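S.K.: My request is simple: use the sequences and hints to build the entire structure.
Chains as they are written, first to last, in the working numbering: chain A, 0 to 328; chain B, 72 to 568; chain C, 117 to 450; chain D, 608 to 941.
By construction, these hints were calculated from the structure, which means they are not laboratory data.
A portion of the hints provided could be inaccurate.
To be verified - Below are the DSS-like pairs computed for lysine-lysine, each with C-alpha atoms no more than 25 Å apart in a straight line:
#, chain 1, residue 1, chain 2, residue 2
1, A, Lys197, D, Lys660
2, D, Lys660, A, Lys236
3, A, Lys238, D, Lys660
These numbers were taken from a predicted model, which means no experiment stands behind them.
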Amino acid sequence: SQEQPATQPSPGGSATSGTTIKEGLKIAFLPKQVNNPYFDTSDNKGGKPAVEEFKGAYSQTGPSEASPSAQVSYINTLSQQGTDVIVVSANDKDAICGALTEARQAGAKVVTYDSDTNPTCRDLFINQASAEGIAASQIKLISDAVGPDGGEIAILSATANATNQNAWIEMMKTELGKPEYAKLKLVTTVYGDDDDQKSFQEAQGLLASYPNLKGIISPTTVGVAAAARYLSGSEYKGKVQLTGLGTPNQMRAYVKDDTVKSFALWNPADLGYLAAYAGAALASGLITGKEGETFTAGKLGEYTVGKDGTVLLGDPFVFDKGNIDTFDF
Amino acid sequence: MVVLELRDVSKAFDAVQALRAVRLGLRAGEAHGLVGENGAGKSTLVKILAGAHPADEGALLMDGRALRLAGPADARAAGIAVIYQEPTLFPDLSVAENIFMSRQPLRGLRRIDARAMRARTTELFDRLGVPMDPDRPARGLSIADQQLVEIAKALAFDARVLVMDEPTAALSGPEVERLFAVVRALCEAGSAVLFVSHRFEEIFALCERVSVMRDGRLVSTDPAAEVTVAELVRRMVGREVAEMYPKAEASKGPPLLQVRGLSRRGAFTGVSLTVHAGEIVALAGLVGAGRSEVARAVFGVDRHDEGEVLVDGRRLRNGDTAAAIAAGLALVPEDRRQQGLVMELSVARNATLARRWSLARLGLLTGGAERRAARTWGERLRVRSAGPDEAVSALSGGNQQKVVLAKWLSTEPRVLIVDEPTRGIDVGTKAEVHRLLSELAGRGVAVLMISSELPEVLGMADRVLVMHEGRLVADIPRALAGEETVMLAATGHGGAG
Amino acid sequence: MRGVVRGLSSWEAVVVIALVVVVAVGALAIEGVASPRFWRFVSLEVIPIALIALPMTLVIITGEIDLSVASVLGLTCATMGQLWVWGVTSLPLLIAAALLLGALLGAVNGLFVTGFGLPSLAVTIGTLALYRGLAYVILGDRAVADYPPEWASAAIAPIPGLTIPWMIIVVAVLAAGFGVVLHATPIGRGLYAMGNNAEAARFTGISVRRTTFWLFVATGAMSALAGVFWTLRYASARADNGNGLELAVIAAVLLGGVSIFGGRGRLAGVLAAVLLLGTLRNALQLADVPANTLTIITGSLLIVSVVGPNVVVKLRARKDRSWQRGVPWRFSPR
Amino acid sequence: MTTTLARSASRRLRQESSRLFVIRELGIVAALTLLVVVTTIVNPRFLTSQGIKDLLLGSTILAILAVGQTVVVITRNVDLSAGSVLGLSAFATGSLFVAAPGLPIPVAVVAGVLLGAACGAVNGGLIAAVQVPSLVVTLGTLYVFRGIDYTWASGRQINAADMPGAFLSMGNTTPVMTMFAIVVLVAAGYYLRAFRSGRELYAIGSHPDAARLAGIPVGRRVLAAFVVSGALAGLAGVLYAARFGTLDANAGTGLELNVVAAVVVGGVAIFGGSGSVYGAAIGALLLTTIGSALPALGVSPFWQRASVGALILAAIGLDRALAVRLARTLRSGR
Ligand SMILES: Nc1ncnc2c1ncn2[C@@H]1O[C@H](COP(=O)(O)OP(=O)(O)OP(=O)(O)O)[C@@H](O)[C@H]1O
Ligand SMILES: Nc1ncnc2c1ncn2[C@@H]1O[C@H](COP(=O)(O)OP(=O)(O)OP(=O)(O)O)[C@@H](O)[C@H]1O
Ligand SMILES: [Mg+2]
Ligand SMILES: [Mg+2]
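M.R.: Below is the structure:
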């Protein structure tokens with residue numbers, strides 16, 4: 000739009016209820032950090048095709064370091080540019096709220112994906128998998144890997160402040176409370192800061208400090224890859240089990256050399272794809288983000304808005320030796 | 072025959088024309104003296120010979136062949152050794168390495184032969200007759216010791232041409248004697264020597280020929296035998312210089328500076344002295360006797376371990392320079408580059424730094440006020456500079472010294488301590504400084520003068536205190552003070568306690 | 117003549133001109149730069165950097181450096197958060213506590229540097245890690261964000277009738293204060309003297325240690341103030357607040373023409389540089405320049421800021437005086 | 608008489624200073640041993656063959672970087688771009704293998720080293736030719752090189768699967784990796800001690816202007832120092848790729864501060880002129896050991912960063928204490 004974005008609400012802004020997605024919507028993806036393969040997949044391999052399908056204008060922008068303040072600056076820019084939909088993965092639940100609110104006042108629709116903000120600051124959250132779902136699958140995978148005798152397990156997380164990570168870890172703790180996991184004992188949680196080297200050293204530290212460690216859960220793509228690499232090069236290979244959330248390309252080598260029996264992940268591309276459609280639906284006034292509303296997300300089919308504006312992508316997918324070669328992301 | 076020759080060499084620094092068409096020839100086996108006012112261009116000439124400055128015009132000839140000096144390395148390669156006016160040592164490296172840097176003796180595979188290096192260093196200092204630990208880092212050497220290392224450095228490679236820019240400025244009698252002995256030996260061996268100094272007795276003691284510089288021109292060159300000091304001075308300054316040491320008898324007032332049993336570990340012990348208003352007290356002694364250290368401690372730059380300092384009866388806080396200044400104390404330090412001046416700042420800033428508080432109006436300080444204050448004193452001391460905004464680093468050594476004097480005299484101190492006040496200062500200014508000192512004394516200022524120049528000491532002082540290895544060994548009234556009495560005390564033999 | 121040379125080679129002038137050019141070109145070429153909102157966002161972004169850059173300028177002019185500022189900011193945020201959790205709900209009290217803490221942290225830096233005579237670069241690399249670490253000790257993985265929303269809106273509230281946040285006025289006043297102290301008082305003269313030759317400064321009755329110590333205290337306090345603003349603006353206290361901000365600040369100070377070796381530089385240049393960096397970044401973001409390119413541009417600007425002046429000087433000076441250019445680091449006190 | 612006094616003094620001094628040298632290096636070694644012993648007592652598995660292997664592997668890269676940094680710091684300069692150079696070279700190595708899977712490992716190593724050297728040449732060239740402060744230039748290139756890295760990688764990631772197994776296993780076998788570090792260390796150490804150009808680096812750092820007057824080709828030497836530092840960072844990048852297998856544009860971000868910390872902790876004077884690569888290497892080993900000892904000691908992850916900071920301060924404090932003792936002995940006579 001050529002007119003002052005500050006003053007003029009953008010086309011999608013006014014929620015005139017239609018039946019089809021408007022053309023030419025400006026949809027911008029704002030990941031936690033550019034240069035991150037995970038978001039490269041979700042945005043450029045998922046969001047972009049989606050936006051092209053409904054003839055919108057796709058763009059991906061964002062800071063090169065994953066900090067809330069940097070993200071705020073980009074939100075401001077996007078809202079000035081009169082973007083119709085901002086699809087953002089929050090570096091901080093609250094820190095970017097102010098900026099998002101200003102952006103929405105300026106007429107933008109805000110969809111969060113991968114990592115949510117306060118429900119009050121966005122229209123929709125596309126949840127890659129419910130915390131329950133992830134926690135359940137992670138615990139199940141490690142329990143199967145460790146075997147019936149159970150034993151000590153530890154968690155290798157991302158940054159200490161990562162909203163989603165902490166939510167999942169809480170859920171895993173409740174999950175462990177179930178009788179069938181009585182033999183599993185969570186001894187500690189350490190943080191690899193989503194930094195490869197740090198995660199690597201933390202994994203190393205875990206094994207040094209917990210002689211009886213039987214398994215590690217690393218619900219972050221960086222962490223699980225680092226841990227796998229450490230295990231596969233160490234004497235603990237095969238003795239200490241590992242699972243987590245990882246991408247097939249990163250984990251292929253370690254699944255094949257039996258360092259890792261199985262791990263889980265949703266398809267990031269689908270996540271981006273769904274987020275794009277949800278945003279478009281909002282901007283076209285097809286939905287407003289109220290619970291119970293439904294919309295169609297291209298090839299993924301029909302989705303329903305859950306409570307406090309959450310849309311669930313589905314349960315995480317489990318990769319193992321059998322199926323891993325059929326994936327490439 | 073002429074080894075090294077300058078043909079119509081000119082050099083300008085922006086506005087300042089430092090050298091104007093200088094012609095000079097240095098002969099093998101001959102020591103050539105070079106004198107001139109501060110800022111006459113001596114050091115510039117030296118630096119051109121050293122390859123540190125390129126000449127704007129003119130040519131250098133070695134053995135009649137043109138000599139290109141792209142940098143100091145070329146000069147060294149051509150066999151020119153230089154002692155700069157200001158010591159240039161590497162504080163972190165050992166004395167030995169300082170002397171042999173990038174000329175270290177080598178063994179197989181071009182590796183450094185440390186043992187040989189150490190041996191040759193010890194040998195050099197034995198030649199100079201001073202003890203020095205080859206392995207000691209240069210950091211912490213007194214100016215004098217630094218100067219000695221510089222000399223050793225120049226002697227280390229038997230140069231065809233040895234250029235010395237005021238090498239003796241920091242040295243006292245005995246060291247100078249030994250230096251000269253060594254230089255004469257070099258001349259015997261056929262080297263050519265250029266010797267820059269402000270001390271005529273040294274010039275005449277060492278040199279066969281003397282050249283005089285003035286305003287960047289080389290005005291004359293004569294055999295030393297055929298000129299008199301008076302004549303040289305006239306050519307340098309362009310006028311007759313008044314009475315050299317005009318210390319007027321001043322009425323002795325109440326004691327202004329009292330030092331009682333002052334001690335500082337490793338430097339001096341039990342120093343007690345009193346300086347009265349209107350009195351000039353000289354603090355004599357061999358280099359390294361601890362005089363500067365005493366001055367520093369009195370002024371509060373160093374903390375003292377024992378004793379006390381009183382100005383006008385009031386006790387000074389240990390190690391509090393600001394308090395000392397407030398009490399009316401001023402110290403003109405011995406090392407102008409490191410201690411006296413902030414090289415990168417302008418003449419005005421430097422000259423007013425010590426009294427910036429009194430110059431401020433309502434706590435605000437303007438450049439205008441600084442310039443005005445600086446000008447008055449600059450003119451009084453005849454500082455030669457492009458103006459108050461010129462950086463002091465651009466001034467000649469002597470002119471820098473004048474700025475330091477201006478800086479402290481402008482605070483109108485009641486007690487003035489001057490450490491080597493005329494080091495590297497030309498006769499004209501020297502007389503001016505001496506007149507200033509006695510004038511101050513006349514106005515009731517108490518002056519404590521540290522000096523390594525006996526004539527100065529004897530000429531100026533009402534009393535001469537002598538230090539030897541960190542102790543006050545003698546207190547000699549003017550009447551009894553003479554070359555022998557002072558030297559004897561200074562070398563630690565008797566002397567009236 | 118010399119005056120002319122100095123004038124032409126004065127880097128502050130270049131930075132100011134660059135700023136003007138960027139603004140002008142931006143306003144013409146990039147949609148939105150002209151809009152008031154743009155300047156609101158720019159000012160919100162530069163406020164913390166400016167706050168820290170003020171004392172940092174003085175510190176660097178005296179030949180020292182403080183790399184721990186961002187960690188001080190982080191630790192301040194963490195402490196405010198924890199206090200809030202413990203039920204300290206009075207904003208003035210929180211701010212007072214924050215500033216006090218900042219001064220204290222600065223004092224620790226100052227003590228190590230002046231008391232034990234350690235190089236500030238080394239010391240503040242240590243406290244950079246230490247203070248950030250303490251922030252994690254305090255908050256761990258928690259983020260304290262349940263402050264009253266009106267605090268945030270108060271912090272970023274615009275000047276009535278404008279879009280510019282009122283905090284800019286605070287910054288301006290503080291800047292004026294620092295500027296006068298640095299350029300028009302005996303203290304300022306002392307700072308330049310210290311930066312060029314600490315020993316000569318001591319011989320002139322400037323108590324180098326005390327001055328340095330208080331400079332570090334001031335830096336700590338100002339970093340804390342920036343921390344307060346940070347906490348309020350983002351309404352979120354986290355251990356990693358402001359991570360890496362120290363490089364941004366130092367980059368601005370150096371780009372402003374302050375010599376990293378001390379003794380040279382003016383506050384005006386630094387402020388201009390802070391604005392220049394902020395404006396450029398936001399304008400280029402509006403022009404959809406990717407973050408990676410922005411990184412490269414920031415770096416290049418920094419290099420230009422030191423190469424530029426020297427080239428200018430070199431072009432002017434027909435005579436070679438390089439041999440006597442100032443010694444890079446002044447003798448460290450050992 | 609003066610003579611005899613001074614002579615005895617000097618003899619005292621010589622013994623004193625040599626003893627101090629020993630202590631100086633020993634101080635760090637002591638700290639290291641203490642840490643290892645305590646940790647092992649608390650947690651015996653810390654020193655299992657696996658534990659030792661982890662320590663050595665972990666410290667190799669930092670040690671190599673520290674050696675390069677030392678060569679630069681000795682000349683009174685600093686290279687803050689080391690981390691970015693490492694990142695660039697690591698990603699380059701990875702891409703090389705992706706492009707030419709069959710590539711022999713030595714070729715990859717050489718390529719990485721050359722790339723690093725090129726980056727070093729850029730730093731050194733600017734610093735030597737235009738005579739600008741290295742801290743500013745390398746802070747600039749820190750951004751620039753990283754930015755180039757980002758742009759090149761543009762979100763791509765290179766995984767273990769993309770690199771030959773032999774290469775990866777090289778990165779995880781102690782003898783090979785440690786061999787790299789030791790060869791680099793000994794070579795650099797001997798060169799700095801026993802060759803003229805090596806000593807000239809110390810001279811330059813000790814008093815640049817004097818070095819110029821002494822006819823030392825300051826520019827060329829500094830340039831060389833930066834090329835060396837760059838090349839070693841390049842080598843470190845290759846080893847990083849081999850060890851960590853997963854490569855994106857963020858490899859080695861923020862590493863520069865660790866490296867400088869290691870150098871400082873290792874007793875290398877940040878103002879140039881003194882210090883040894885051995886000290887720096889031990890410093891690197893110490894920092895890495897801290898890094899893996901703290902988890903092994905069961906120190907809460909939130910306390911680790913703080914502990915690192917505290918230990919850095921302690922280390923430079925100790926070093927300072929020894930330096931003071933040396934100075935005192937020096938003040939007594941020639
Ligand atoms: N680097 C420089 N930049 C600018 N001007 C300079 C520089 N060096 C010297 N000058 C000027 O050149 C003139 C000659 O200086 P020089 O140092 O040669 O005098 P000098 O004869 O050595 O005096 P002194 O006896 O005090 O050492 C002086 O006016 C001085 O200000
Ligand atoms: N900066 C310094 N650091 C360490 N020791 C020093 C220093 N300056 C002087 N010394 C030592 O302290 C003693 C006294 O030196 P000082 O310079 O005070 O003697 P001085 O009588 O003033 O000689 P000078 O004629 O050089 O002023 C000497 O042994 C000297 O080596
Ligand atoms: Mg001279
Ligand atoms: Mg002295």
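S.K.: Confirm or reject each hint.
M.R.: Each hint, compared with the structure:
1. A:Lys197 / D:Lys660: Roughly 17 Å between the alpha carbons, so the hint for Lys197 of chain A and Lys660 of chain D holds.
2. D:Lys660 / A:Lys236: holds (15 Å)
3. A:Lys238 / D:Lys660: holds (18 Å)
Violated hints: none; the structure is consistent with every hint.
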